[in-house]
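Asker: Listed here are the chains, written in short residue letters.
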Amino acid sequence: MAVTSFAHWLETRMWAEAFAGSVLLYPIVLATHLTCIAFFGGMILVTNLRLLGYGFAGRSAGDLIRKLRWWKRAGFVIMATCGALLAGSEAGRYSVNPYFWTKLTLLALLGVHGMAFRRSVYGNVEELDGAGIMPVRAKLAAALSLLLWTGVVCSGRMIGYYQNVGEYLVSVQSSVHSEIHAVFKSKYFSRACKDLSRP
Amino acid sequence: MAVPLDSVLENDWLFPVAQCIHILSFALSIGTITLVDLCLLGVAFPREAAPQLLRSTGLWTLVGLVLIVFSGLTLFATDPDQYYLNSAFQVKIGCLVVAILLNYTIHRKVAKSASGSAADKFVAISSIALWIGVIFSGLFIGFA
Numbered sequence: 001m002a003v004t005s006f007a008h009w010l011e012t013r014m015w016a017e018a019f020a021g022s023v024l025l026y027p028i029v030l031a032t033h034l035t036c037i038a039f040f041g042g043m044i045l046v047t048n049l050r051l052l053g054y055g056f057a058g059r060s061a062g063d064l065i066r067k068l069r070w071w072k073r074a075g076f077v078i079m080a081t082c083g084a085l086l087a088g089s090e091a092g093r094y095s096v097n098p099y100f101w102t103k104l105t106l107l108a109l110l111g112v113h114g115m116a117f118r119r120s121v122y123g124n125v126e127e128l129d130g131a132g133i134m135p136v137r138a139k140l141a142a143a144l145s146l147l148l149w150t151g152v153v154c155s156g157r158m159i160g161y162y163q164n165v166g167e168y169l170v171s172v173q174s175s176v177h178s179e180i181h182a183v184f185k186s187k188y189f190s191r192a193c194k195d196l197s198r199p
Numbered sequence: 001m002a003v004p005l006d007s008v009l010e011n012d013w014l015f016p017v018a019q020c021i022h023i024l025s026f027a028l029s030i031g032t033i034t035l036v037d038l039c040l041l042g043v044a045f046p047r048e049a050a051p052q053l054l055r056s057t058g059l060w061t062l063v064g065l066v067l068i069v070f071s072g073l074t075l076f077a078t079d080p081d082q083y084y085l086n087s088a089f090q091v092k093i094g095c096l097v098v099a100i101l102l103n104y105t106i107h108r109k110v111a112k113s114a115s116g117s118a119a120d121k122f123v124a125i126s127s128i129a130l131w132i133g134v135i136f137s138g139l140f141i142g143f144a
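Protein sequences appear in the order of chains W and P. Letter by letter, the first sequence follows residues 1 to 199 of the working numbering. Letter by letter, the second sequence follows residues 1 to 144 of the working numbering.
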């Protein structure tokens with residue numbers, strides 16, 4: 001219940017209503033969200049592929065992690081801001097969407113992942129580069145990160161495909177209504193009525 | 001021909017799955033291309049690293065582009081009329097063709113020499129702008 005009332009409170013804020021009602025702003029923010037996936041998601045992919053040993057051999061893993069760290073952080077802030085706007089403006093629909101909760105759970109797991117591997121992998125670049133072969137824990141961190149981020153992207157895309165059963169029935173009902181309405185309004189119908197009422 | 005097309009039209013899951021692959025593969029290809037662009041602009045990586053960065057990202061860029069094209073064709077096949085008559089789609093294909101041509105001609109040449117000239121920066125900014133154009137117009141297909 002608390003979730004439902006919070007969702008309702010959120011989506012009735014002035015900024016949320018203005019945002020949801022804007023024809024251009026919504027797709028622009030969504031496209032920015034996607035652009036961040038391309039630019040900064042690409043950096044995450046590159047780092048993880050390097051840790052797994054697939055390519056980028058000319059550059060050390062530690063160097064990649066160090067150089068891309070702040071870019072990825074900045075990208076994440078932009079991406080999350082866009083995401084919060086998109087979800088917040090339709091909080092009611094999102095709060096009953098299982099894909100949305102899947103995405104949030106995976107993001108939370110990524111937070112745990114980051115903390116769990118900070119000391120041994122991502123914050124430990126000197127040792128990473130010093131080791132002759134990539135430590136197993138670094139490869140494990142990279143594989144888990146790839147898996148979780150893939151899940152985040154896919155569940156994020158699927159949010160748009162979920163239709164609540166009640167919502168679905170309403171949409172079917174309104175389309176049936178408009179079909180029936182169109183039949184009653186058609187000239188054939190009125191002509192047939194006239195024919196029938198003729199003595 | 002009839003079999004794959006029908007399976008796209010009748011399978012509820014194929015369209016969303018193709019979209020997920022489309023997004024993941026553009027993260028791979030556009031992400032690696034813009035990494036080289038940032039390097040040419042002298043940010044994130046030193047400018048001299050461009051040739052080496054191009055070499056190590058080249059294969060992944062190609063893998064991503066191939067996946068983008070095939071998942072994109074799957075999406076297109078579901079309803080060709082709805083796409084090629086869509087103005088956002090036309091802009092997207094325009095940007096995409098120019099972006100790919102640029103990437104495999106001037107962009108590659110510039111990244112290999114990495115002279116750090118103003119022309120290099122112009123090429124890098126054009127490349128970034130074109131790919132942003134591809135993503136934005138691609139998204140607007142659904143809103144046009």
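Derived from the structure by calculation, the hints contain no laboratory data. Keep in mind it's a predicted model, so treat the numbers as computed, not measured. We treat Cβ as the ideally placed atom computed from N, Cα and C, and that holds for glycine. Keep in mind that a hint or two might mislead.
Residues of chain P placed beyond 10 Å of chain W at every Cβ, according to the derived structure [to be verified]:
1) LEU38
2) LEU75
3) GLN82
4) ILE93
5) LEU101
6) PHE122
Derived pair list, reagent style SDA-like, types lysine to any residue, alpha-carbon separation capped at 20 Å [stated by the list, open to error]:
7) W/LYS72 to P/LEU101
8) W/LYS72 to P/LEU38
9) W/LYS67 to P/LEU101
10) W/LYS67 to P/GLY42
11) W/LYS185 to W/GLN173
12) W/LYS67 to P/GLU48
13) P/LYS112 to W/GLY58
14) W/LYS67 to P/LEU102
15) W/LYS67 to P/PRO51
16) W/LYS72 to W/THR12
17) W/LYS72 to P/LEU102
18) W/LYS72 to P/SER25
19) P/LYS109 to P/LEU41
20) P/LYS112 to W/ALA57
21) W/LYS139 to W/LEU110
22) P/LYS109 to P/ILE93
23) P/LYS112 to P/GLY58
24) P/LYS109 to P/SER25
25) W/LYS72 to W/GLY132
26) W/LYS67 to P/ALA44
27) W/LYS67 to P/GLN52
28) P/LYS112 to P/LEU101
29) W/LYS72 to P/LYS109
30) W/LYS139 to W/GLN173
31) W/LYS67 to P/GLN82
32) W/LYS72 to P/ALA44
33) W/LYS72 to P/ILE132
34) W/LYS67 to P/LYS109
35) W/LYS139 to W/MET158
36) P/LYS112 to W/GLY55
37) W/LYS67 to W/LEU30
Computed footprint of chain W on chain P; a stretch qualifies when at least three of its residues, placed anywhere within it, have a C-beta under 8 Å from a C-beta of chain W [unchecked claim]:
38) 47-58
39) 105-119
40) 127-135
Asker: Which of the listed hints are broken here?
Answerer: Checked against the structure, the hints that fail are numbers 1, 7, 9, 14, 16, 17, 22, 24, 25, 29, 30, 31, 34, 35, 37, 39, while the rest are satisfied.
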